[in-house]
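Chains as they are written, first to last, in my numbering: chain G, 3 to 141; chain B, 44 to 535; chain V, 617 to 743; chain E, 92 to 300.
Everything labelled a hint here was simulated from the structure, so no lab data went into it. Just so you know, even glycine gets a beta-carbon here, dropped at the ideal spot from N, CA and C. Please note that the accuracy of each hint is not assured.
Straight-line distance between alpha carbons at most 25 angstroms, and here's what the computed SDA-like set of lysine to any residue pairs gives [what the hints assert, rightly or not]:
1. E/K220 - G/L111
2. G/K14 - E/V158
3. V/K737 - V/Y724
4. E/K220 - G/K14
5. B/K348 - B/N453
6. V/K737 - E/W177
7. V/K737 - B/L481
8. G/K6 - E/W177
Quick look at which bits of chain V chain B covers, simulated, 3 or more residues with Cβ under 8 angstroms [what the hints assert, rightly or not]:
9. 631 to 637
10. 671 to 685
11. 706 to 719
What follows is the residue order along each chain.
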Amino acid sequence: MRRKSIPRTVSKILAPFILLFALYVQFHGDYGPGGGFQAGVIFASAFILYALIYGMDNARKVLPPSARRILLGLGVLIYAGTGVVGMLMGGNFLNYSVLLHDPLHGQHLGINVIELGVGTTVFAAMVTIYFVFAGQDRQ
Amino acid sequence: MNSHLPILQVIIPLMAAPVCIILRRAEWVWGLTVLVTWAVFGMTTTVVIDVLNNGTIDYFIGDWPAPWGIAFRIDELSAYVLLIVSLIGAVVASYARASVIKEIPEDRHYLFYTNYLLCLTGLLGMTATGDAFNLFVFLEISSLSGYTLIALGSDKRALTASYRYLVLGTIGATFYVIGLGLMYMMTGTLNMADLAERLPDVVATRTILVSLAFLTVGLSLKVALFPLHLWLPNAYTYAPSVVTAFMAATATKVAVYVMIRIFYFVFGGTDVFAEQGVAEVIMGLAIAGMFIASIVAVFQSNLKKMLAYSSVAQIGYIMLGISLVSVSGLSAGLVHLFNHALIKCALFLALGCVFLRLGSVEIKDMAGIGKRMPLTMGAFVIGGLSLIGIPLTVGFVSKWQLMNAAFEANLWPVALLIPLSSLIAVVYIWRVIEVAYLQPIPASAPSVKEAPLSMLIPTWGVALAAVYFGIDTDLTLGVAIDAAQSLMGGGQ
Amino acid sequence: MSFLENLGMPGLFNYWVVIFLMMAGFYVVISRGNLVKKIVGLNIFQISVFLLYISMGKVDGGTAPILAEGITSYSNPLPHVLILTAIVVGVATTALGLALVVRINEAYGTIEDTEINDIEKKVEDAE
Amino acid sequence: MILDIIDIVLLVFLVITAVAIIRLNNLFAVVMLLGIFSLISAVLYVHLDAVDVAFTEAAVGAGISTVLMLGTLALTGSEEQKHPHWSPIPLAVVLLTGAALVYGTFDMPHYGDPNAPIHQHVANRYIEKSGEEVGPPNIVTSVLASYRGFDTLGEVAVVFTAGAGVLTLLGHGFVSRRKRHREEDEIQQEVRELDLDEADIERLEEEDI
Numbered sequence: 003m004r005r006k007s008i009p010r011t012v013s014k015i016l017a018p019f020i021l022l023f024a025l026y027v028q029f030h031g032d033y034g035p036g037g038g039f040q041a042g043v044i045f046a047s048a049f050i051l052y053a054l055i056y057g058m059d060n061a062r063k064v065l066p067p068s069a070r071r072i073l074l075g076l077g078v079l080i081y082a083g084t085g086v087v088g089m090l091m092g093g094n095f096l097n098y099s100v101l102l103h104d105p106l107h108g109q110h111l112g113i114n115v116i117e118l119g120v121g122t123t124v125f126a127a128m129v130t131i132y133f134v135f136a137g138q139d140r141q
Numbered sequence: 044m045n046s047h048l049p050i051l052q053v054i055i056p057l058m059a060a061p062v063c064i065i066l067r068r069a070e071w072v073w074g075l076t077v078l079v080t081w082a083v084f085g086m087t088t089t090v091v092i093d094v095l096n097n098g099t100i101d102y103f104i105g106d107w108p109a110p111w112g113i114a115f116r117i118d119e120l121s122a123y124v125l126l127i128v129s130l131i132g133a134v135v136a137s138y139a140r141a142s143v144i145k146e147i148p149e150d151r152h153y154l155f156y157t158n159y160l161l162c163l164t165g166l167l168g169m170t171a172t173g174d175a176f177n178l179f180v181f182l183e184i185s186s187l188s189g190y191t192l193i194a195l196g197s198d199k200r201a202l203t204a205s206y207r208y209l210v211l212g213t214i215g216a217t218f219y220v221i222g223l224g225l226m227y228m229m230t231g232t233l234n235m236a237d238l239a240e241r242l243p244d245v246v247a248t249r250t251i252l253v254s255l256a257f258l259t260v261g262l263s264l265k266v267a268l269f270p271l272h273l274w275l276p277n278a279y280t281y282a283p284s285v286v287t288a289f290m291a292a293t294a295t296k297v298a299v300y301v302m303i304r305i306f307y308f309v310f311g312g313t314d315v316f317a318e319q320g321v322a323e324v325i326m327g328l329a330i331a332g333m334f335i336a337s338i339v340a341v342f343q344s345n346l347k348k349m350l351a352y353s354s355v356a357q358i359g360y361i362m363l364g365i366s367l368v369s370v371s372g373l374s375a376g377l378v379h380l381f382n383h384a385l386i387k388c389a390l391f392l393a394l395g396c397v398f399l400r401l402g403s404v405e406i407k408d409m410a411g412i413g414k415r416m417p418l419t420m421g422a423f424v425i426g427g428l429s430l431i432g433i434p435l436t437v438g439f440v441s442k443w444q445l446m447n448a449a450f451e452a453n454l455w456p457v458a459l460l461i462p463l464s465s466l467i468a469v470v471y472i473w474r475v476i477e478v479a480y481l482q483p484i485p486a487s488a489p490s491v492k493e494a495p496l497s498m499l500i501p502t503w504g505v506a507l508a509a510v511y512f513g514i515d516t517d518l519t520l521g522v523a524i525d526a527a528q529s530l531m532g533g534g535q
Numbered sequence: 617m618s619f620l621e622n623l624g625m626p627g628l629f630n631y632w633v634v635i636f637l638m639m640a641g642f643y644v645v646i647s648r649g650n651l652v653k654k655i656v657g658l659n660i661f662q663i664s665v666f667l668l669y670i671s672m673g674k675v676d677g678g679t680a681p682i683l684a685e686g687i688t689s690y691s692n693p694l695p696h697v698l699i700l701t702a703i704v705v706g707v708a709t710t711a712l713g714l715a716l717v718v719r720i721n722e723a724y725g726t727i728e729d730t731e732i733n734d735i736e737k738k739v740e741d742a743e
Numbered sequence: 092m093i094l095d096i097i098d099i100v101l102l103v104f105l106v107i108t109a110v111a112i113i114r115l116n117n118l119f120a121v122v123m124l125l126g127i128f129s130l131i132s133a134v135l136y137v138h139l140d141a142v143d144v145a146f147t148e149a150a151v152g153a154g155i156s157t158v159l160m161l162g163t164l165a166l167t168g169s170e171e172q173k174h175p176h177w178s179p180i181p182l183a184v185v186l187l188t189g190a191a192l193v194y195g196t197f198d199m200p201h202y203g204d205p206n207a208p209i210h211q212h213v214a215n216r217y218i219e220k221s222g223e224e225v226g227p228p229n230i231v232t233s234v235l236a237s238y239r240g241f242d243t244l245g246e247v248a249v250v251f252t253a254g255a256g257v258l259t260l261l262g263h264g265f266v267s268r269r270k271r272h273r274e275e276d277e278i279q280q281e282v283r284e285l286d287l288d289e290a291d292i293e294r295l296e297e298e299d300i
């Protein structure tokens, strides 16, 4: 481990930027390429990098299995929940126009929320899959 | 809220799956699964009644009109299949508790129910959706969860069975995507009703012909049509009993539904299915499957494997009906789809009870089991008689319809082959009855109790349904004929 | 339209290359006995199908489907959306398939189809 | 449109990579080549105007898939067995399938043709109206999140299913599972020696309780 000082330092510097870039991709999907899926993968890659450099035990402390499980389910619930809210507000399932007074604002809000759901589940799934593959992941 | 039921029946199990993974406690998760599956059954029933009374339901997701957004489209055919899938889903979930405790390590129970709900979601979504690409997405949800469920089997061969199913299933799904892509290329749409409208203009092209071929091969893999059934026997044999009962009764049936949907609805405005030899090829394979798979079944010593081969043969009957291209043939196929789901579910549930107590479903371990587990084996015998097609059971109804349809099409040799292949079923069912009832209990045999009521009640429920629908055919046959008529009528 | 005419036109050429790629992947899946290699084959097969979809969405002189002033011709966005979904489905299948491979390796000590078959045959004979 | 040189070069690279994957037996090399295959196709997607797809393919195909495959190889070994005997059947199947597909191309609209049916129907509404109906300038986002938002929900469900599936299969630690396998084997061995069957064991267990 001691000999990995260069990757350690580099990853320490890189990780915040990776996370920042992931957030940019997450919320900039309206205007350019990107969206929840890509953001989730990039966000996960920061944690995978962390796990590679600092070892699985440390990584598990950062993101324990229970947190991963909850995030994994939460994303699906956020997405489907948005659809159900649209239903309760008088539209059909996944109609975002009814969420706010102005249909366009509603669409904007709806898209942002569901992209967040996509990002959450994708992030949790990628990290879970990697952690489970990479180490003796005790559940 | 009633108008949202078509989507809710798919969304509720989908949302229950993540709740399961968050809750984690096995008893809660099981309770939630039972609750959700019965609620889904209730909703499906309401939707079915609505469809039968008021005709096809269209539900536009996101309120985007049909070809632009994704629409659910529930007509008589999909209503009929939805009813089977949700019924089996609820019954098997109620049965699952004791069997899962026996066969699956405890720390994975919550994951089992999560995957079970996902599989159910996928199958219901495939049936309800009116969009050909959305169908692929749900197909993959049901397939991926299905691979996991099969791999949960305690024998290590469950892993290889699951892997082989994964490879063949993915090839099948990719073929479907290729076929769909070619169809989309020529029409510019993915909505099935819209496709049906636009296909007649381009049906003479070679591209559409190839597209039909790819859809057929891809779906045949999923249906397990002989000789593309190679993934099925081991998958059914080594999967946990609950999974086998659920998948045997639903997964291949929904794939058959998709095939009917493609042939008779999407291509309904054309006669390409009947004219281009596709129907003949399917008929040949169906008949070959009926005989070869039945004969292979006779020589199996593992009863789950025997029934798995029998499933391949029974899929042959269903596909034979479909390949006749007539209202009576199609309705016979549909009735058998429903009836076979009940029969196989009852048989596999009974075998699950046997496995719970005996720890084996090898025929050599089952001597005298009929006396030791009379209720379980009683249900098995009813299922077996139905499988053969004894009068007053559902199996008789569907085979009778199928023979009539074959006569109607002036294919009397085919009509005669149907009872002939049923004779082979007599052989393999009789083998079990002989061992279970006529052989003495070996002195060294362990004492075995009857299965618990929580498993017997669902098993008997399905077995009795298999008798009831053999006597009262109004519901099944009536709806099947209606569905067939509207499909064939819409096609001309 | 005759075959020769088509051959002279590059209008279908890239589809043929894509078909070659698809079949290369398909061949790896069905001809190789190594379980990891089969999954590699599935990936190639699927990526090539994605290429088929994306190729059909291309419009001559079009640009990426992001609305901007002064642009009149966009490539078709719908295949892009479909393939985004399909890529995700593909990676999900890959992950699950590899998890199975790891378990098979644990249970059988090999990931070669032929060796697994031998072991299974032995088990079956013992039963 | 006449294929331009970039298309041709990228396609040729893809073909070379695919052939190399077929021929190589070292799985590490094969997996790295798959990553390259995926990256080249991502470049091709950019060239075909599919920027979102390219982004995803690069992140997923070249990134996550490769990492997972390398992780698997670390656990299983990296040399593929040479084939003892070559069978003509797979090749025949592939040639037949490929021939069918090529046959199907002859009635296809040509590559890049703006009058192809695919550009005439559903897609037009997305291009013309998504700005005022949904809002985002990126049409792919509008279609993905709103018009076909249900597909994307399904996609999230697929990812969730894969996560749950991998957790089911591998989520208990290799060490503990291997230990359990071994214990099972030992128990089965003892059972065989005692000539009991599982029903007996269950009964004994129940009596114990």
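Hint by hint, here is what the structure shows:
no., hint, verdict
1, E/K220 - G/L111, "19 angstroms, holds"
2, G/K14 - E/V158, "21 angstroms, holds"
3, V/K737 - V/Y724, "13 angstroms, holds"
4, E/K220 - G/K14, "45 angstroms, violated"
5, B/K348 - B/N453, "35 angstroms, violated"
6, V/K737 - E/W177, "22 angstroms, holds"
7, V/K737 - B/L481, "32 angstroms, violated"
8, G/K6 - E/W177, "46 angstroms, violated"
9, 631 to 637, "violated (count 0)"
10, 671 to 685, "violated (count 1)"
11, 706 to 719, "holds (count 7)"
Hint compliance for this structure: hints 4, 5, 7, 8, 9, 10 are broken, all remaining hints hold.
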